[in-house]
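Here the protein sequences come in this chain order: A and B. What the first sequence shows, in my numbering, is residues 45 to 349, in sequence order. What the second sequence shows, in my numbering, is residues -13 to 304, in sequence order.
Some hints here could point you the wrong way.
Stated by the list, open to error - With a cut-off of at most 27 Å between alpha-carbon atoms, the simulated DSSO-like pairs for lysine-lysine come out as follows:
(1) B:6 <-> A:231
(2) A:113 <-> A:163
(3) B:6 <-> A:248
(4) B:101 <-> A:262
(5) A:163 <-> B:6
(6) A:248 <-> A:224
(7) A:163 <-> A:262
These aren't lab readings, by the way, just hints derived from the structure by calculation.
Each chain, letter by letter, is given below.
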Amino acid sequence: MTTTPITSSGHRPGNTAKSSLHRQPNLPRNRWNAVFTILAGLFAAIVVLPLLLVLAYVVIKGGSSMSLKLLTDLPPAPGMTGGGIGNAIIGTLIVSLIAALIAIPIGVGGGIYLAEYSKSGPFASFVRFGTNVLSGVPSIICGVFVYGLIVATRIFFDQSYSAMAGGIALSVLMLPTIIKTTDEGLKLVPQELRWGAIGVGASKFVTITRITLPTAMKPIATGIVLSIARAAGETAPLIFTALFSPFWPEGLFSPIASMSVLIYNFAIMPYDVQIALAWASSFVLVMMILIMNIFARYLGSLNRI
Amino acid sequence: MTGDTKTDLFRLRRRPWTEKITDQSFRLLATVLASLVGLILAAILFTVLAGSRTAMASFGLGFLTTSNWNPVTNEYGAFTAIYGTLVTSLLSLLIAVPLGVGTAIFLTENFIPLKGRQIIGMMVELLAAIPSVVLGLWAIFVMEPFLRPILGSLHTTLGWLPFFSTEPQGPGIAPAILILVVMILPIITAIARDSLSQVPTELRQAAYGIGTSRWGAIFQVILPAAISGIAGGVMLSLGRAMGETMAVTMIIGNSNNFSLSLLAPGNTIASMLANQFGEADGSQVSSLMYAAFVLMLLTLVVNVLAQWIVRRLSLRYT
């Protein structure tokens, strides 16, 4: 027997090329591995590329025209120059606020029901299924729904298009996200905390509102911030519920401008001024949404439960 | 006296009626809020169905197969839009699935250090946060002008195929497909990444232990183990692609003339709704509601199927 001893590094001295313990880059399997690895890296680069391109264009084309006047003025009439997107910024804030005020109580309440009162059972699984289905309903359908329910029926003081209708349409979109994050956030709360609270004599109501909800506050807040960020950028539910208005907001029950609808309306206008405003509006909207996303991320990264 | 306080301390406390009422009403409130989800779903279905009643009565199922859309003569058929919805969503899926799953593999394997992967993962998530209407604006003014010569050469070389038979003239189905790819990539990537990272390490170690290569393990062990989540994610993004509205509306051209060519302008149900609903009245609203009902049914089927796939195909590791 004349086997060469293998050194500790798995290396046969003097016989490296034939050693099966050495990686041989020319083997077909190793070549295929390299090919697939490069392909996967390439795919990752392709996926990231649109984000960089969109951000770059939004910052260059929209950020360059930023000024205080642009943020505080009304949009110009077609053919005129100057003007700004002040009413659209305020409109987006108002409509998102309405949506949040409707969706947060309903969503958190529904999530509490799922996590605290009925973990399983036919009704809970129906609600969970319904939440999933609702999150799959296209946003334009939410618009059609609110149009049929509120705009066409003129249910609010005989007003058709209104900020309220837009806010309700957005709240339908936000609802599933808030229910899900509340449900999942509450499930992360250790069962011992609930037992402890009940054990010292707290009622179920006090246990939930004083112990479990505050403990799960961070994941719930993260979900809420993310859902508001998503709603603020939505256009489809607003175009025939909140409509658009070239003026300052005139109350909750009249049409209202929003940045997303402004982008949609102005992008297809044949005027350079309007197109520039659409880019500026995109810049403000994207920055707002990115900041909310980063904030949500920061909330989520705070010491977890 | 001291004895009395001692027994008081350990005596079972009788719950005051206010506490009972609070508890019960809070439970009732939570139940009512939870059932609102079902109520809203039912209300959506009812509103759309009720709105489309007249169109359903006058056009019947022929609405789905005819493609004339004429508000003047009040004749409506949604075939162009339904075809556009299916073709844009399926083709965008065809492009996005390999890209998304490949990226997910790249992000779950240790090709590059964790820090780099986290940054790429964060960027993919941020892409999902960009509003659809901003992507539409970008598609109109940046992507489509850049793409036009490429699509033009596609037309000159492959023009004998019916799918490339028209000259690209700006907005059309092909740019809409590409912007849809951008929109659903983050969803597919995120879900595939989650499913892949949930595959137990032992499976991978066992695969390496019996001598497979890295990509052998990926293709034959890790991907099959994660297939349920990935398939579910693909179905979810199909539903999203079908219902995606703004970016598609801005770039598809909104034409109701049926054309097989991907380079010609077209329509999807969602883009038709966004484009016409505001100015429509009478039987046009009803027809649009009918189209909305079709879209709702399509996305509903796809979403329920997605949930079913995840439950049915998921392998359980304990």
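Does residue 248 of chain A lie within 27 Å of residue 6 of chain B when you go C-alpha to C-alpha? OK: residue 6 of chain B and residue 248 of chain A at ~9 Å, within 27 Å.
Sort out whether residue 231 of chain A lies within 27 Å of residue 6 of chain B, counting only the CA atoms. The hint holds at about 25 Å.
Regarding the pair residue 113 of chain A and residue 163 of chain A, is the alpha-carbon distance no greater than 27 Å? It is violated: about 53 Å lies between the C-alpha atoms, which goes past 27 Å.
Restraint status (C-alpha distance of residue 163 of chain A to residue 6 of chain B at most 27 Å): OK: residue 163 of chain A and residue 6 of chain B at ~22 Å, within 27 Å.
Regarding the pair residue 248 of chain A and residue 224 of chain A, is the alpha-carbon distance no greater than 27 Å? Measuring from Cα to Cα gives roughly 21 Å; hence the hint holds.
Below or equal to 27 Å on CA atoms is what counts here, so check residue 101 of chain B against residue 262 of chain A. holds, 24 Å
Within 27 Å, alpha carbon to alpha carbon, are residue 163 of chain A and residue 262 of chain A? holds, 21 Å
Violated hints amount to a single one, hint 2; each of the other numbered hints is respected by the structure.
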